[in-house]
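Chemist: Sequence:
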Amino acid sequence: MNKVLLIIQREYVTRVRKKAFIVMIFVVPALLLGMSALIGYVAKNNQELSSDQVVKVIDESKAFEGKFHNQKHIKFEPAKQSLTDAKAGLQANDDLSVLLIPADYAKKQVQIFSKKKPSYQLTEEVEKQMNSIASTKSMIDHHIDTAFLNSINKNRISVNAMEVTATGTKDANVGTTMFVGIACAILIYLSLFIYGAQVMRGVIEEKTSRIIEVIISSVKPFQLMLGKIIGVGLVGLTQFGAWILLSVISSKIAGHAFSGPGSPIAGALAVIATIPFGYIMGCFIFYFLTGYLLYSALFAAVGSAVDSETETQQFMFPITLPLLFTYLLSVTVLFQAPDSPLAVWLSIIPFTAPVAMMVRIPFGGVPDWQLGLSMFFMIAGFLFTTYVAARIYRVGVLMYGKKASFKELAKWFFYKE
Numbered sequence: 001m002n003k004v005l006l007i008i009q010r011e012y013v014t015r016v017r018k019k020a021f022i023v024m025i026f027v028v029p030a031l032l033l034g035m036s037a038l039i040g041y042v043a044k045n046n047q048e049l050s051s052d053q054v055v056k057v058i059d060e061s062k063a064f065e066g067k068f069h070n071q072k073h074i075k076f077e078p079a080k081q082s083l084t085d086a087k088a089g090l091q092a093n094d095d096l097s098v099l100l101i102p103a104d105y106a107k108k109q110v111q112i113f114s115k116k117k118p119s120y121q122l123t124e125e126v127e128k129q130m131n132s133i134a135s136t137k138s139m140i141d142h143h144i145d146t147a148f149l150n151s152i153n154k155n156r157i158s159v160n161a162m163e164v165t166a167t168g169t170k171d172a173n174v175g176t177t178m179f180v181g182i183a184c185a186i187l188i189y190l191s192l193f194i195y196g197a198q199v200m201r202g203v204i205e206e207k208t209s210r211i212i213e214v215i216i217s218s219v220k221p222f223q224l225m226l227g228k229i230i231g232v233g234l235v236g237l238t239q240f241g242a243w244i245l246l247s248v249i250s251s252k253i254a255g256h257a258f259s260g261p262g263s264p265i266a267g268a269l270a271v272i273a274t275i276p277f278g279y280i281m282g283c284f285i286f287y288f289l290t291g292y293l294l295y296s297a298l299f300a301a302v303g304s305a306v307d308s309e310t311e312t313q314q315f316m317f318p319i320t321l322p323l324l325f326t327y328l329l330s331v332t333v334l335f336q337a338p339d340s341p342l343a344v345w346l347s348i349i350p351f352t353a354p355v356a357m358m359v360r361i362p363f364g365g366v367p368d369w370q371l372g373l374s375m376f377f378m379i380a381g382f383l384f385t386t387y388v389a390a391r392i393y394r395v396g397v398l399m400y401g402k403k404a405s406f407k408e409l410a411k412w413f414f415y416k417e
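Note that my numbering has the sequence shown beginning at 1, numbered continuously upward.
No lab work stands behind these hints: they were computed from the structure. Errors might be hidden in some of the hints.
Stated by the list, open to error - No farther apart than 27 Å at their CA atoms in a straight line, the calculated lysine-lysine pairs in the DSSO-like style are these:
1) K87 / K108
2) K3 / K72
3) K403 / K220
4) K80 / K128
5) K87 / K116
6) K416 / K3
7) K107 / K87
As the list claims (entries may be wrong) - Distance ranges between label pairs, derived from CB positions:
8) L237 / P318: 35 to 43 Å
9) F222 / L38: 46 to 54 Å
10) Q336 / A92: 27 to 35 Å
Bear in mind the structure is a predicted one, so any value in this text is a computation, not a measurement. Ideal Cβ placement from N, Cα and C applies to all residues, glycine included.
Make a model of the complete structure from these sequences and hints.
Modeler: Structure follows, in structure tokens:
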């Protein structure tokens, strides 16, 4: 046990003393804060960054003549030349488009031509205005009072999602919950890859430099692998702890600095405060640790089986495929239906649970039995993968010059001590 502790201490101390580690503790929160501010600024001033677009309209149906409304960066003009001449003029102007509306626009396709691919904003605006004009024309043709309908449509109905709990009713904050769920999924996905890869690189470096032969003479391979995994895991927890602390401090400072009435930052902080971050953070730490132990053991086995990092690709893809598959589903499907059968099963299977469960937890409502079953399988999963990886690791770290395969790894697993 003392030998394992010495290895843990060595792995931890050598990494946290590096300048890169100390710099990243401060750089990552600053980058995230700056990126968030930049995204907010760009989103707010998106219209200002758009170039002015001119759309020449050729209306063969005569149903849309003079009915298009200019927008801030989109100007509609009737085309005074033929389609061929109008298309020829596109080569001289990147901000010019030609809209062709056929006589039978209900059956034939409406087309928009431009020198480069038109922006989504432009095509969406054209579609929206054409649908509105066509609907108004159809209502007039059927003697429907459009002014009355327009007055009715102005009375927009908004729905505020509320959550009924044992202590009362509160705002569900669906948007914030979705953001937290996706953020947790992305963060745990990246962290498992980053810190797992650190274990693998450490094993490869020690193996290729032949330091491993000296170390193995003093400790058992399993002790070395276990110490390396735990040491790097503690480094990850230290970084996360520092990032969380800095984020909380910066949030408090931002809240005090912009705490005026109606302040968007103060409002955002008030909304975030309603999220149960203590519960979410506790679950995040559990799934990070168990997920890291599960995957880093496999990463260590891969590192022991190869002589260079370039040889790891054939083993890495099958190992990380479940994680990648769940991550892609999380940011596209699971956050929309966190209680669906697919989300439930993915949050229970050990290889996919760290990402899937962290999408579900911020939404609340995860039954205790599902959470308990998921945690049980996570613990059983990392114990199993550690056992399998240790049997491969004890042989692989002393193998040189032989290109490993999955068949070879299976043989190593069944070698007797």
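Chemist: Hints first: check each against the structure and report whether it holds.
Modeler: Against the structure, the hints come out as follows:
The suggested pairing of K87 with K108 holds, with an alpha-carbon distance near 19 Å, which does not exceed 27 Å. Proposed proximity of K3 and K72 is contradicted: the alpha carbons are some 70 Å apart, above 27 Å. Distance restraint check for K403 and K220: the Cα-Cα separation of roughly 24 Å lies within the 27 Å cut-off, and the hinted pair is therefore satisfied. The straight-line distance between the Cα atoms of K80 and K128 is roughly 24 Å, inside the 27 Å bound, and the hint therefore holds.
Taking the CA atoms of K87 and K116, the gap is about 12 Å. The hint holds against a cut of 27 Å. Taken as a hint, the K416 and K3 pair is honoured in the structure, with Cα atoms around 23 Å apart against an allowance of 27 Å. About 23 Å separates the Cα atoms of K107 and K87, which keeps this hinted pair within 27 Å; it holds. About 28 Å separates the C-beta atoms of L237 and P318, a value inconsistent with the hinted range of 35 to 43 Å.
Range check, F222 to L38: Cβ separation about 47 Å, and the 46 to 54 Å hint holds. Remark: the range hint 27 to 35 Å for Q336 to A92 is contradicted by a beta-carbon distance near 45 Å.
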